[in-house]
Each structure stands twice: as C-alpha cells, then as structure tokens.
Amino acid sequence: MELETLSLSVEAGIAHVRLTRGEALNTMTPQFWEDMITVFGRIEEDGSIRAVILSSTGRHFTAGLDLKSASSLGDGRGDVARQRAHFLKHVKRLQHAFTVIDECRVPVIAAIQGACIGGGVDLVTACDMRVACEDSYFTIQEINVGIVADVGTLQRVPHLLPQGIVRELTYTGRKFPAEEAQRYGFVNRVAPDHEAAIEAAFELARQIAAKSPVAIMGCKAVLNRGRGQTVEAGLDYVAVWNAAFLQGDDMREAIGSQMEKRPASFADIS
Numbered sequence: 001m002e003l004e005t006l007s008l009s010v011e012a013g014i015a016h017v018r019l020t021r022g023e024a025l026n027t028m029t030p031q032f033w034e035d036m037i038t039v040f041g042r043i044e045e046d047g048s049i050r051a052v053i054l055s056s057t058g059r060h061f062t063a064g065l066d067l068k069s070a071s072s073l074g075d076g077r078g079d080v081a082r083q084r085a086h087f088l089k090h091v092k093r094l095q096h097a098f099t100v101i102d103e104c105r106v107p108v109i110a111a112i113q114g115a116c117i118g119g120g121v122d123l124v125t126a127c128d129m130r131v132a133c134e135d136s137y138f139t140i141q142e143i144n145v146g147i148v149a150d151v152g153t154l155q156r157v158p159h160l161l162p163q164g165i166v167r168e169l170t171y172t173g174r175k176f177p178a179e180e181a182q183r184y185g186f187v188n189r190v191a192p193d194h195e196a197a198i199e200a201a202f203e204l205a206r207q208i209a210a211k212s213p214v215a216i217m218g219c220k221a222v223l224n225r226g227r228g229q230t231v232e233a234g235l236d237y238v239a240v241w242n243a244a245f246l247q248g249d250d251m252r253e254a255i256g257s258q259m260e261k262r263p264a265s266f267a268d269i270s
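Going by the UniProt record's numbering, the final residue of the sequence shown carries number 270, and the count climbs one at a time with no gaps.
Derived from the structure by calculation, the hints contain no laboratory data. Ideal Cβ placement from N, Cα and C applies to all residues, glycine included. Please note that the accuracy of each hint is not assured.
Heads up, simulated DSS-like pairs for lysine-lysine below, C-alpha to C-alpha not over 25 Å straight-line [stated by the list, open to error]:
| # | residue 1 | residue 2 |
| --- | --- | --- |
| 1 | Lys68 | Lys92 |
| 2 | Lys175 | Lys68 |
| 3 | Lys89 | Lys68 |
| 4 | Lys92 | Lys211 |
| 5 | Lys261 | Lys211 |
Derived CB-CB ranges, DEER-like [to be verified]:
| # | residue 1 | residue 2 | range |
| --- | --- | --- | --- |
| 6 | Lys68 | His96 | 30 to 38 Å |
| 7 | Asp79 | Glu179 | 28 to 36 Å |
| 8 | Glu253 | Asn224 | 19 to 27 Å |
| 9 | Lys175 | Ala12 | 31 to 39 Å |
Given only the sequences and the hints, what does the whole structure look like? Please build it.
In structure tokens:
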C-alpha cells in the first residue's frame, strides 16, 4: 500500500518517518491515520531498525485534525445507538494510529518545528522523546473547539508533565512554547531551527542504535508497563522479562566490547 501523507526511509538502523503535507500544514486527513498504522507496521516487521525519527515538512509540524473532513467523522446509519457505536469504532481506530507509536518495539523521537496543535500533541506524546525548534509550540486545541481530547493526550501527558500544568494547558488551550516545555521536561532538546532539531534527533537515535536492540526493546517495554502500576508490579514484570531475555548474546557482546575497547556489534531482531 502506497503512503499518501507520510514517507518512510531507513538508513543505518534508523527509520525516518515524515509528514509530507507541509503545504496543507500537515493536517490529519482520514488517510493519515491509515498511513500511520501502515508505516509502523512496516517498522515492526523490519528487524534492522533500532530507532525511529518522526519529523514533518513545511513551516509547522501539524495543525492537527483536517477540519474539512471532520464534519463527516463518525457518520453512521441507523438509530442513535448504532450511530454512537459507529463513532466509538471510529475513535478507537484513531487512537490505535498513535498507540502503534507508543507500543513500537523501538524508541521514537519526534522532531518538531512551528505549531504542534491538537492531534499533533496526541502524536508527540505517544513518542518516547521530543526535540523542538526554538519557535515551536504545543496547544491542546480541543478545548478551543468545544471537545475533549480523545486520541491520547489526556492519557499520556500526565506522565510527562506536572498535574497543575497538564490541567492548565487542557482547560485553557493556551500555547505551550518550546522553552517552557523544556523547562518542565516535556521537550528533551531545543534546537535553533528545523534542520538542527532533526540532526539532534538523529544524534539521539544513533546513540540508541549502538546499544543492544534486545535491551532497548526490554527497557521500553518495562517503562511502558510501569505506567500506572505499583513499584511491586513493575519489579515483578522486569524480573520476568530479564528471566526470559537476559541469557542472549547481547550482554556478552556489550561487556566484551567494553573490555576490548571496541564498538559493539549486535545482531538484528528477527
């Protein structure tokens, strides 16, 4: 299936996914959601990939949901109950389009320029890390159009920001500039421009790609599983994980490369 709203390239173990509708502010059309599911499906199938960069084209990262298509979202036939059931199925599909990022086997790093609005915040909160340009900002836009954000922001951002800031941004819909976002730890790096932000994201990705892919996969799985769990439940999970995966070749290679003062070489995930 050809991608219409995204592009995918892979080099040296790093996948680069780009939103390609810069002339239309990278608004999220119905095809966008399907493309996102498709592209992360391809990434999951490629065992050579060690990290993902998610970037955009044009002046802004994304203006969020495409308003031209929004009026038909969730349309269905039949009585009110069946219409609502149709809408529920539709929203679940949209949520899945970003859950595939959150659940991706490898870390995903977003490189953000300009505005990141509405669905864009849902998108980047599903990523592991965020690098932003100095001129970029984030807006939980849904409150400004009279709806509740429903594709992941309100579930994921509380793990990334203090509750008071989460609620302020959610209730007011104000701009959250890159400098402030970095101060609160929402953004990992702030770069002077778009090109520098992408390069900073690639530098992070290269560091990750040099590590054991099995260990990176385990770290992400354990961190994700720990959200909302007790410390005891998290300890149980990581104990079982390491009981299953620790006896592979990667630990021997990592230790051996350090002792021999050489770069490590790890096999791909099959």
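The hints, checked one at a time:
1. Lys68 / Lys92: Distance of about 21 Å is within 25 Å: holds.
2. Lys175 / Lys68: Judged against 25 Å, a Cα distance of about 23 Å means the pair holds.
3. Lys89 / Lys68: 21 Å, holds
4. Lys92 / Lys211: Since the Cα atoms of Lys92 and Lys211 sit roughly 34 Å apart, the hinted pair is violated (cutoff 25 Å).
5. Lys261 / Lys211: 15 Å, holds
6. Lys68 / His96: 30 to 38 Å: Because 23 Å falls outside the window, the suggested range is violated.
7. Asp79 / Glu179: 28 to 36 Å: Given about 51 Å between the Cβ atoms, the range is violated.
8. Glu253 / Asn224: 19 to 27 Å: 25 Å, holds
9. Lys175 / Ala12: 31 to 39 Å: Holds, at about 36 Å.
Comparing the model with each numbered hint stated earlier shows that hints 4, 6, 7 do not hold.
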